[in-house]
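Engineer: Each chain, written out:
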Amino acid sequence: MKLELPPDRQLPSPERMVERILTESPSSAGRRPAARTYWMGGLVAAAVAITAAVIGWAVLLPTERSQVGAPPESSVAASKGASDPGTPTVSPSRPSAIPTSSPATTASGPRERPTQRPPATPVPTRPATSATRLQSSTAARTPGASETARAQRSAEPPLTTTVPIGVRVQAPYLNLTASGTMTGGDVYAILVETCVRTLPPNTSTDLPLSRTSWTLSTSAGTVTTDAPITDPIELPSTYPSQGRYGIGDCASGWIAFGVPSDTAVLAISYSNSLGANVTWNPNT
Amino acid sequence: MEAVRGRVGQVVEGDGGSAGAGESDAELWHRLRSADEDAFRELFLRHSTAVYNFCFRRTASWSVAEDATQATFASLWRRAAGGDIDSLKLESARPALLTMARNECSNANRSRNRHLQLVDRVRTETGAAADNTAAWVEAESTMAVIRQAMAVLPANQRDVVELVAWSGMSLADAAAALKISVGTVKSRLSRARARLARTEIAGLTERTDEA
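If you're matching them up, the sequences are chains Y and B in order. Position 171 (the first sequence) corresponds to 171 in our numbering; numbering is contiguous. To convert, take the position in the second sequence, counting from 1, and add 1000; that gives our numbering.
These are computed hints drawn from the structure, not numbers from a lab. Please note that the accuracy of each hint is not assured.
What the hints assert, rightly or not - Among chain B residues calculated to face chain Y with C-beta under 8 Å, some are:
(1) 1062
(2) 1069
(3) 1142
(4) 1154
(5) 1162
(6) 1166
(7) 1170
(8) 1172
Nothing here was measured: the structure is a model prediction, and the numbers come from that model. For glycine and all other residues, C-beta sits at the position ideal for the given N, C-alpha and C.
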């Protein structure tokens, strides 16, 4: 005997059921105004938080500009004086000693042809632009214009993220890219670019950028640019060790780290006091 | 609401003339995500009978099916009010609703006296509905036998038969509802047919076969 499916039936009293659901559900009727109230409360809280943050910036920034990754004032003056359009010099963004064995100083000559992992795209350095921007920003720094510009800028929220290598990240006030790596001997070099997108509120000068903001996470721990390199390699172009950059300016080039050849590099990191904590995975 | 018979034999709801009647499921679903009561009401009127019959075929009980239908839509409404509804991936909301109903049917509390509850409830209703009591009870008995015969299939093959062959869902929609590929739907349906070929419910896997 072959069985047949019973014929379909219409749901009894669907109107009554739907009204029952809407009436009896705890989410009905009064729920939506409550949700709106919640959102309004959230908006008010957000507005208060933003206002407090802006006021905080206004109070703190004049005395703590070095937080932005800038060096002590004396170093700032020295680096500005030493600035050159062709080779911008930079002051450290962290309160650490200036590297004594940085790639620029240790790269006395090629010892070994590096094995390069080709970068996704070459990143052009823009020292000339940088110099131009420095000059123009200095020239335009009249009190009225400066105050107006500062007032119009807003604070950007901190950013912590991890991305594959080659990805450009829009961090607070900066665009950051780690686009390539290169190894040779005990050197692990990264090709990076830091571009100033905008300036923090109440900041009238260009941003100090430092090579020391970049670090590596390895299987043996964190490696900074301070780590000594015993076997330097020749790099096509080096990332400037120090400098101040205006909106639209970029610092780019290779940064070398002393990493033993048997140590795995797990991550490339950029961190500064403006709230940027970005990590690139070099193995993706 | 006018009920008409669909091409695979199911009762489908007609245009109830409500506020959202001219809107697509996707538009209604979008509004539902903002806890729009009118959108919910319209989606309910469009699909509740399909959900109801789907649940009946899974439970062999009109009473449980009715409860499960209410539970399905109540859950949908709670999620809508909580802002916890994903966007609609398909043109029709039915696959998503049947997926929810599948869970509700499985979770329904089935007491042994539900059959009697149904009979009691039906007897209190008036007119033609009450006259159909015997047919409804017979349908439950038939469906229970079918469910028993279906028990030889793995659950994943039963799911495909229920959605594609019994609820008239396309292979693509069934694949989306079950979160599997169309090829997997086809192969499961094919295996189910082969397994049931010499049983008394062999013909029940043949109601719909569309690509």
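Engineer: Holds or violated: is there a CB of chain Y closer than 8 Å to the CB of residue 1172 of chain B?
Structural biologist: Residue 1172 of chain B check fails; min Cβ-Cβ to chain Y is 23 Å, beyond 8 Å.
Engineer: Just to be careful: measuring from the Cβ of residue 1154 of chain B to every Cβ in chain Y, is the smallest value less than 8 Å?
Structural biologist: Violated, because the Cβ-Cβ distance from residue 1154 of chain B to chain Y comes to roughly 20 Å (cut-off 8 Å).
Engineer: Measuring from the C-beta of residue 1162 of chain B to each C-beta in chain Y, is the shortest one below 8 Å?
Structural biologist: Interface hint status for residue 1162 of chain B: violated (10 Å vs cutoff 8 Å).
Engineer: Can the hint on residue 1170 of chain B be confirmed by a CB-to-CB distance to chain Y that is less than 8 Å?
Structural biologist: violated (18 Å)
Engineer: Holds or violated: is the Cβ of residue 1062 of chain B closer than 8 Å to a Cβ in chain Y?
Structural biologist: holds (7 Å)
Engineer: Against chain Y, with CB atoms and a cut of 8 Å, does the hint on residue 1069 of chain B hold up?
Structural biologist: holds (6 Å)
Engineer: When the nearest CB of chain Y is found for residue 1142 of chain B, is that gap smaller than 8 Å?
Structural biologist: holds (5 Å)
Engineer: Regarding the hint that residue 1166 of chain B lies at the interface with chain Y, is the smallest CB-CB distance below 8 Å?
Structural biologist: Since chain Y brings a Cβ to about 6 Å from residue 1166 of chain B, closer than 8 Å, the hint holds.
Checked against the numbered hints listed earlier, the structure breaks hints 4, 5, 7 and 8; every other hint is satisfied.
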